[in-house]
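**Student:** Go ahead and model the full structure; you've got the sequences and the hints to work with.
Spelled out, the chains give:
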Amino acid sequence: MVTPGVSGAPQRRLRWMAVGQMVLWGAIGLGAFLLLAKSVQNSPEFGRLQLWILLFDICGVIALSVLLARKLWRLVRDYRAHVPGSRLTARTVAIFGALVIAPLLIVYLSSLEFINQGIDSWFKVEVKRGLSDAVDLSRAALELRTREYTGRTLALAAALTRASPAEVQTRLDAERRESQALEVVLFSAHGRVIAASLENPLENLPSQPPADLVRQVEAHLPYVSLEPEAGGHYLIRTAAALGGPGGHDDRFVVVTYPLPAQLAALSEAVQNSYSQYGDLAALREPLKYSFRLTLTLVLLLSMLAAIYGAIYSAQRLVRPVQDLIEGTRAVGKGDFGTRLPLPSRDEMGFLVHSFNDMTKKLRRARAEATQSQQAVERERERLAIILARLSTGVLAIDRNMMVRTANAAAGAILGTDLSAATGHPLPELAATNERLGQFVAALAVRFAAGREEWREQLDLDGAAGRRTLMCACTPLPGEDADIGFVIVFDDITTLLQAQRDAAWGEVARRLAHEIKNPLTPIQLSAERLRRRLLAGMSERDAEILERGTRTIVQQVETMQQMVNAFSEYARAPEMHITHFSLNQLVSEVADLYRSHAPRTRIRLELDQHIEGIEADRGRVRQILNNLVTNALEALEGVESPLLEITTQLERSPEAAYAAVTVCDNGPGFQRELLGRVFDPYVTSKPKGTGLGLAIVKKIIEEHGGRIDADNRPEGGARVRLVLPVKDSTRSATGAARERRDQLRRERA
Amino acid sequence: MLRADLTTDGSRRSTLLAAACAIGLAVWSLSIADALDGVLEVRSAYVNIEKGVFLLHARVEYPVSPAIRNALRDGVSLTFDLDARVDRERHYWFNANIVDVTLRRELTYHAVSDRYLVRDTRTRDQESFSTLDEALDYLGKVDAWPILVEPQLDGGSYTISVRAGMRRGHLPASLRAILFWTDDWARVSEWYTWSLPV
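Residue numbers (my numbering), protein chains in the order written: chain A, 42 to 789; chain B, 532 to 729.
Accuracy of the hints is not assured; some may be wrong.
Said to hold, decoys possible - Straight-line alpha carbon distances no greater than 20 Å define the calculated DMTMM-like cross-link-like pairs of lysine to aspartate or glutamate that follow: (1) Lys557/A - Glu547/A; (2) Lys582/B - Asp715/B; (3) Lys672/B - Asp253/A; (4) Lys767/A - Glu742/A; (5) Lys169/A - Asp320/A; (6) Lys767/A - Glu615/A; (7) Lys165/A - Asp177/A; (8) Lys672/B - Glu721/B; (9) Lys169/A - Asp605/B; (10) Lys169/A - Asp645/B; (11) Lys329/A - Asp715/B; (12) Lys582/B - Asp685/B; (13) Lys165/A - Asp605/B; (14) Lys726/A - Asp751/A; (15) Lys557/A - Asp500/A.
Read the hints as simulated data drawn from the structure, not as lab findings.
These figures come from a predicted structure and were not determined experimentally.
**Tutor:** Have a look at this one:
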């Protein structure tokens with residue numbers, strides 16, 4: 042019995058039941074033994090008690106059979122069901138049973154033979170012959186007496202034949218006295234008493250002659266018989282017909298003699314022995330049957346008790362083993378709270394105690410493991426939170442590029458959702474994302490080259506432009522060689538752009554400062570040379586001088602325009618923030634260019650929710666002019682030029698923004714320039730300074746906004762700028778404002 | 532078809548087994564009936580009333596066989612019982628028993644005198660006969676056996692039943708119980724029943 046705790050009342054009840062059964066069976070056995078002991082000392086007592094003993098035995102056999110059948114049925118059921126311990130129990134019972142039944146059967150068969158031979162020996166032929174001889178001897182002894190009495194009776198009959206009627210009574214009395222007979226009676230032919238002489242005539246009457254006597258004397262033959270009487274007495278009755286053989290006298294005389302007491306006692310003893318032997322001899326087979334039945338019942342009782350005891354002992358022996366098996370299974374299923382009852386203080390008890398000790402230690406170890414696991418889980422959750430909050434992308438993969446974990450930043454940087462990517466191969470996810478595909482290809486190239494730890498910059502080109510990642514890969518620590526790698530990467534595109542912007546700003550400032558200043562003296566010097574020398578020169582030299590100085594002046598003017606453009610790019614002018622209607626401004630710009638480029642269809646889609654924005658109206662107009670100019674230049678040569686300007690109000694939890702999108706159906710931006718269209722000197726046009734979009738971007742950033750450029754899927758370029766509606770929003774969040782202030786400080 | 536054949540074989544086997552059992556039982560019955568083989572019945576019986584006492588008169592035929600003769604000659608005693616019972620008839624329940632008496636006598640062969648003795652086990656009175664037939668004839672005639680007195684009757688209908696039985700005498704009580712089912716030396720006749728003239 043496996044219990045989740047310390048064994049309690051059920052175990053004690055079973056133990057008490059076992060003790061009760063043992064006491065009961067012991068008392069029954071002792072009672073049977075006492076009955077048997079009492080009965081064997083007293084034969085009549087045995088006759089009285091044997092029936093009860095047999096009944097008791099039969100009841101015992103039935104009770105034991107029922108109990109045993111129940112036990113055996115359970116054993117067979119458990120055996121078929123492969124219940125643990127049932128086979129061991131069955132084997133033990135078989136061995137015990139064989140060990141007990143074999144000697145019992147031998148004893149039983151020997152006892153049967155002994156009983157048969159013993160009972161047969163009681164009725165040996167010699168005994169019977171001896172009794173028969175005794176009877177014959179008694180008969181011979183009695184025959185002498187009967188012959189004597191027969192002779193006397195015949196003599197009396199002859200005398201009575203001759204006697205006169207008056208002498209008959211006298212002779213009868215004389216004969217009774219002489220022979221000491223009990224009675225002498227003379228009967229007529231019809232059995233009537235003619236005369237009688239009795240020993241005690243006042244108390245007795247003459248007895249009637251038996252029928253066989255009458256028949257005998259009617260045939261004139263003498264009659265004699267020995268008649269046993271109650272109380273062990275014998276009478277010798279003799280009779281003879283008067284007139285002798287062939288006579289005509291029908292009368293007959295009957296004389297009754299008592300047998301002497303000694304002879305009667307001896308005869309009675311012989312007769313009793315003969316009768317008792319006859320009765321006993323008739324009981325020979327029933328006696329055998331009785332003994333065989335008793336012996337068989339005893340054998341059955343012994344066998345059943347032995348087998349029952351064997352099953353009981355085997356089950357008691359196997360019970361701890363079954364408990365251990367069940368306990369082991371429970372432990373195997375994770376139930377470490379299993380405690381087995383201690384069967385005894387023997388080796389099995391030691392084993393059970395060791396098992397309980399083991400489960401106790403296992404329970405403690407599991408509790409510690411659970412605590413450790415919970416601590417690990419907590420650490421894991423913390424790490425997951427940290428990873429989720431990181432702006433750096435973290436991606437863990439195994440050697441087969443199967444994603445083990447990826448944080449949100451990794452998905453944002455790679456332009457895909459990696460929240461459900463765990464367990465999926467990275468190449469499979471990359472099939473639908475161009476940027477992720479380039480990223481996976483770059484990783485594969487490095488892994489194929491056997492490089493497991495590296496730190497490099499990766500450029501990923503896509504429809505939204507080039508993104509630059511700073512990527513570091515390192516193998517994950519662990520005993521398992523196939524544990525994989527962790528890749529940490531940052532999108533440094535914006536950082537690089539800022540660095541480029543700063544560099545270009547510096548270049549523009551230096552150009553404006555270092556180149557602009559010498560240009561005016563150069564131009565003035567060239568004009569002075571022409572003015573002073575032109576008059577004194579020959580026509581031919583004058584023409585040369587004229588052409589040279591004009592070239593110098595023109596180039597200086599060109600350089601001045603360029604320097605002015607750079608100066609415009611580099612300077613951070615004071616902005617005049619006013620509240621104006623963006624939609625109205627857009628409409629004005631569109632109307633202006635409709636008149637300048639009547640071929641181009643300009644379509645406006647204005648969001649009426651934009652009531653107005655706080656910005657520098659002139660500079661916003663400059664932005665729109667620049668963008669529209671660029672678009673119109675790009676639409677040159679296009680069959681049906683179309684320019685779309687869209688405004689839209691966008692809201693975020695922090696602030697409201699006004700978005701302006703300028704789209705055309707021209708050739709769009711060149712793919713290789715997409716990421717750098719706002720850099721200075723990046724242009725696909727044959728003329729121009731290449732600073733237009735750079736200045737636009739600079740103004741947008743001055744306002745705390747942002748600008749993006751890409752190509753539409755249906756073709757054509759699209760530039761989208763976002764400006765904060767409120768200046769306060771721009772002041773609170775604009776990094777550009779800080780940069781603008783920084784530039785102002787530098788200039789000062 | 533195969534199933535039908537199997538069923539037929541099974542039933543045939545069962546029939547053979549039952550027949551063998553019946554034959555065995557019959558042989559066993561015949562073997563145990565050998566000892567007291569012959570007619571055992573109450574030929575006639577009646578009662579007459581003398582001075583308020585019901586006297587039973589019966590004629591019983593007991594079996595005579597060589598086995599009985601030999602057993603007696605070997606010293607075995609036989610007990611002859613004549614059971615008489617008087618029941619008051621009841622329509623709503625079992626009959627009420629008024630009288631249940633037994634006349635028990637014992638027949639033995641007296642080897643020393645070569646005579647057969649009939650002894651009343653209650654009164655110890657005994658009679659001797661030179662032949663077994665005379666002894667059985669004596670045992671078969673029961674005259675004026677008082678079984679009932681008038682005060683025991685309180686109206687209603689009564690039946691009187693008489694049954695004769697014989698068995699081996701001097702059987703110990705324990706063996707009698709053991710041999711209850713197997714003793715071939717015990718027989719009883721059918722009840723001889725008639726209405727009691729009241």
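**Student:** Please go over all the hints and tell whether each is borne out by the structure.
**Tutor:** Okay, the hints, checked on the actual structure:
A distance of roughly 15 Å separates the Cα atoms of Lys557/A and Glu547/A; the hinted pair therefore holds under the 20 Å criterion. Under the criterion of a C-alpha separation no larger than 20 Å, the hint pairing Lys582/B with Asp715/B is inconsistent with the structure, at around 43 Å. For a cut-off of 20 Å, the pair hint linking Lys672/B to Asp253/A stands: about 18 Å separates their Cα positions. Restraint check: the Cα-Cα separation between Lys767/A and Glu742/A comes to about 15 Å, which is no more than 20 Å; the hinted pair holds.
Of the pairs offered as hints, the one joining Lys169/A and Asp320/A holds, with about 12 Å between alpha carbons and a cut-off of 20 Å not exceeded. For the hint pairing Lys767/A with Glu615/A, the CA-to-CA distance comes to about 18 Å; that is within 20 Å, so the pair holds. A hinted pair counts as satisfied when its Cα atoms are at most 20 Å apart, and Lys165/A with Asp177/A qualifies at roughly 19 Å. Restraint check: the Cα-Cα separation between Lys672/B and Glu721/B comes to about 17 Å, which is no more than 20 Å; the hinted pair holds.
A C-alpha spacing of about 9 Å is found between Lys169/A and Asp605/B, which places the hinted pair at or below 20 Å, so the restraint holds. Under the criterion of a C-alpha separation no larger than 20 Å, the hint pairing Lys169/A with Asp645/B is consistent with the structure, at around 17 Å. A hinted pair counts as satisfied when its Cα atoms are at most 20 Å apart, and Lys329/A with Asp715/B qualifies at roughly 15 Å. Proximity of Lys582/B to Asp685/B is assessed by CA-CA distance (about 17 Å); at most 20 Å being required, the pair is judged to hold.
Between the alpha carbons of Lys165/A and Asp605/B the distance comes to roughly 14 Å, so the proposed pair stays at or under 20 Å and holds. Distance restraint check for Lys726/A and Asp751/A: the Cα-Cα separation of roughly 17 Å lies within the 20 Å cut-off, and the hinted pair is therefore satisfied. A C-alpha spacing of about 38 Å is found between Lys557/A and Asp500/A, which places the hinted pair above 20 Å, so the restraint is violated.
Going through the hint list in order, the structure does not satisfy hints 2, 15.
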